[in-house]
Every structure is written in structure tokens, then in C-alpha cells.
Amino acid sequence: DTAVSQTPKYLVTQMGNDKSIKCEQNLGHDTMYWYKQDSKKFLKIMFSYNNKELIINETVPNRFSPKSPDKAHLNLHINSLELGDSAVYFCASSPNTGGIETQYFGPGTRLLVL
Amino acid sequence: AQTVTQSQPEMSVQEAETVTLSCTYDTSENNYYLFWYKQPPSRQMILVIRQEAYKQQNATENRFSVNFQKAAKSFSLKISDSQLGDTAMYFCAFMKHDTGTASKLTFGTGTRLQVTL
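If you read the sequences in order, they're chains A and B.
Under the working numbering, the first sequence has 78 at position 78, and the numbering climbs by one with no breaks.
Under the working numbering, the second sequence has 91 at position 91, and the numbering climbs by one with no breaks.
Bound conformation, chain B alone (with noise of 0.2 angstroms):
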């Protein structure tokens, strides 16, 4: 079985800053994939970035880029230029790649991000 796990239950950034929230998981699957999703308090839950495990590059969207190290089943996310939107609880989690029909999501514990002016 999979597990994921978020070592930083909250963590507090100043607006225009950066920020690295963190993310390990357990695996002995080869193929697989890693998400980042965001729950701000409206509660939805927002995708954020994804990166496929057979990708060597790391992902990028925008302002957010992870830093994927296989090896050491790690993948952080890096928030640049902080946004007072960007306040919310950042779930990492790990999919199996399947063939089939359906894979689920194992999601880490989550850490509550907190901008502030």
C-alpha cells in the first residue's frame, strides 16, 4: 500500500515571498503519479500541479513548480510571489498508474498555508 506524508502541519509565508511546503510517499510501484491539490476555505478542492513519475522535468504552473526526486520519494512544492489567495490547505497525493478502469487518489494529511501581509 501507498502512504503519503505531510510533515509540516501549517506553515505561515509573507505575501511576495516564497515558500516550500513538503511532501514524501512510500511506494514500490515504478509508474505512478503525484498531485498537489488546494482546499481554500470555500473548501473546493482545486488542482494545482501534477508531474508523472517517468518525467525527469519538473512540473511548472506559473507560480508553482515542484521539485520531484524519485529517488528519495520526494515531492515538494514551491510557491513563488505568495498571494494573499494562495491561503488554504495543500493536499499532496499519489495515484497508481493503472491500465484499468480507475485509480484512486491517496492523499497526505495536508498543511494549512497561511499568507499574510
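Okay, chain A solo, but in the shape it has when bound (with noise of 0.2 angstroms):
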């Protein structure tokens, strides 16, 4: 019944390591979406994907590479974590209807890079 999923809720991991987070949505969306939230609470976008195609790529080290298998997945890989990292990400979804794009956002991944 879930409709935008993200696992795994929470990730501690050690500095230098490679992670990776995945969303699957079931709303039958054509777009994607991942936010990050820093520990202010402020939250940017940092990629968009429109059926697997890459649309919107923020300013983002290049130690985060999306992948989008299918148009009802968008996986965020990040390599060699630093502390920076640490954020809860926000995969969301929105349809392609030309007219107002709400965007449904997933429950978060909570990310502590020690």
C-alpha cells in the first residue's frame, strides 16, 4: 500500500565507504526525485529523473551517482563517504500530466556517516 518506499530507514557506516539507497514508488509516476535534508532541517534537491533519463543534477560531488533501473526506481549510490554525508534523504515521485507536479516524497533514509 506504500507509495513511495526507501530502504533502509537508517545507514551508519564508517568514513570512506560505499552505500547505497533504495526508492521504489507504486503511484505510476514518470518522475523521481532525491532531496537531501541537512542537520539544519533545509532540504535541496539534488537529482531528478524523468523515465531513467537523468533531468536535473544539482551541484552534487560526483561521489553520488543516481541510477534509475526502471521508471518506478531511482537508486543514489555515493562513494568514499565523508562526514558531510550525513543527512536524511528524501526520494520523492510526481507525474508527467503538464499540470500542477505535487510531489509525494518517500519516508527518508537517515544517514550517519562516523
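Hints were generated in silico from the structure; no laboratory data involved.
Do not take every clue at face value.
[Claimed, not checked] Only pairs whose alpha carbons sit at most 30 angstroms apart, straight line, appear in this in silico DSSO-like list of lysine-lysine:
1. K73(B) / K22(A)
2. K73(B) / K36(A)
3. K52(A) / K70(B)
4. K96(B) / K67(A)
5. K9(A) / K52(A)
6. K19(A) / K70(B)
7. K67(A) / K78(B)
8. K55(B) / K9(A)
9. K41(A) / K71(A)
10. K78(B) / K52(A)
11. K78(B) / K55(B)
12. K40(A) / K70(B)
13. K40(A) / K78(B)
14. K44(A) / K70(B)
15. K40(A) / K73(B)
16. K96(B) / K22(A)
[Claimed, not checked] Over 10 angstroms on every C-beta distance to chain A, these chain B residues come out as not near it, computed from the model:
17. T24
18. Q44
19. Q57
[Unchecked claim] According to the in silico footprint, chain B covers these stretches of chain A (three or more CB under 8 angstroms from chain B):
20. 21-30
21. 74-85
22. 101-108
No experiment lies behind these values; they were computed from the predicted model shown.
Even for Gly, the Cβ is constructed at its ideal location relative to N, Cα and C.
Quick one: dock chain against chain with the hints and give me the complex.
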């Protein structure tokens, strides 16, 4: 019944490691996003994919690599994790109807880099 | 680039009272959308209300309503009959109208609302 799901919900890892976060939506939406929420609760777009194609790529270190195997999934792989990567990462999805494109968010993944 | 400003980091309201959260934004766009999202302690981002800039009528959703002043670039959220479950961070967000395939949300810094007995 979950609309946008993310795994894992919590991720604790050491600096220098590589980790992945997975996102899936069952809403039939064409567009998916990754947002980062920092320790001060500020939310900022990272990436957006439409039908497996990268559309938005904000100024994000290239250690972050999104991958969309199909339009229902958007994963985020992070190489060589740094302390500053500690944050909550939200996946979102939206339809592409040409009208108001409300984005629906997943529950977030809290990443802690030690 | 668009910016969204929420000037109230924290607010408090008593149960059953009314509270208004402020939001201003800066844009040169004429077509855009505005949103309020709520983030309770569970961390889930929940859509509260949305407004199309071309609509003059203010959006309402049950106890939630907005005061949209396009010329002033202001988009405040009014919560009537506040309930304990309204305790959360509230984020104002801007989205440019894009006939393309994806539009990003630009968020404000949030207002933490505490509803008290």
C-alpha cells in the first residue's frame, strides 16, 4: 500500500565506505527525485529522473551517482562517504501531467557517517 | 534563481486556537506553484496544501488555508482549530511551472510549530 518507499530507513557507516539507498514508487509516476535534508533541516534537490533519463543534476559531488533501472525505481549510490554526507535523504515522485506536479515523498533515509 | 524565506523559526499555539505561518518568495517567473509541506517527528514529508499562481482564489483544505498575495510574493498558511497532531516542522516550497519533464521544489528553512494544551 506504500506509495513511495525507501530502504534502508537508517544507515550508519564509516568514512570512506560506499553505500546505496533504494527508492521505489508504486504510483505510476514518470518522474522521481532525490533531496537532501541537512542537520539544520534544510531541504535541497539533488537529482531528478524522468522515465529513466536524468533531467536535473544540481551541484552535487560526483561521488553521488543516481541510477534508474526503470521508471518506478531510483537508487542513490554514494562512494567514499564523508562526514558531511550525514543527512536525511528523501526520495520523491510526481506525475507528468503538464499541470501542477505535486511531489510525494518517501519516509527518508537517515545516513550517519562516522 | 528562486528563493523562499520563512522568517519564523519557531511558533507556538494553544490547542483549538488559530495560527498563521509566514512565507515570502522571490521569483521573476509568472507561472509557478506554491506548496506547504508538514514534517512531523516521524520525519515523513506530508503535503498540506498547494496553490497555482494563476488562481486568485486562496486554496483551502479543511482546517488549512492560505493567504496568497502574488504582488507581494507572500504565501502564508493559516491553521484553524489547531490540534496536537499539527505539531511539526512546516516547509513552504516554490515550483516553477515547467512544460518539460521535471520541476524541482525550492524549500524555505521551515517553521517549527508546537501545539500546546
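Checked hints:
1. K73(B) / K22(A): Violated, at about 37 angstroms.
2. K73(B) / K36(A): Since the Cα atoms of K73(B) and K36(A) sit roughly 26 angstroms apart, the hinted pair holds (cutoff 30 angstroms).
3. K52(A) / K70(B): violated (36 angstroms)
4. K96(B) / K67(A): holds (25 angstroms)
5. K9(A) / K52(A): holds (24 angstroms)
6. K19(A) / K70(B): violated (44 angstroms)
7. K67(A) / K78(B): Answer violated: K67(A) to K78(B) is near 40 angstroms, above 30 angstroms.
8. K55(B) / K9(A): This hinted pair is violated, its Cα atoms lying about 38 angstroms apart.
9. K41(A) / K71(A): With a Cα-Cα distance of about 28 angstroms, the restraint between K41(A) and K71(A) holds, given a limit of 30 angstroms.
10. K78(B) / K52(A): violated (39 angstroms)
11. K78(B) / K55(B): holds (18 angstroms)
12. K40(A) / K70(B): This hinted pair holds, its Cα atoms lying about 29 angstroms apart.
13. K40(A) / K78(B): holds (24 angstroms)
14. K44(A) / K70(B): holds (24 angstroms)
15. K40(A) / K73(B): holds (25 angstroms)
16. K96(B) / K22(A): With a Cα-Cα distance of about 27 angstroms, the restraint between K96(B) and K22(A) holds, given a limit of 30 angstroms.
17. T24: holds (17 angstroms)
18. Q44: Given a closest Cβ separation of 5 angstroms, the condition is violated.
19. Q57: holds (14 angstroms)
20. 21-30: violated (count 1)
21. 74-85: violated (count 0)
22. 101-108: With 7 residues close enough to chain B, the hint holds.
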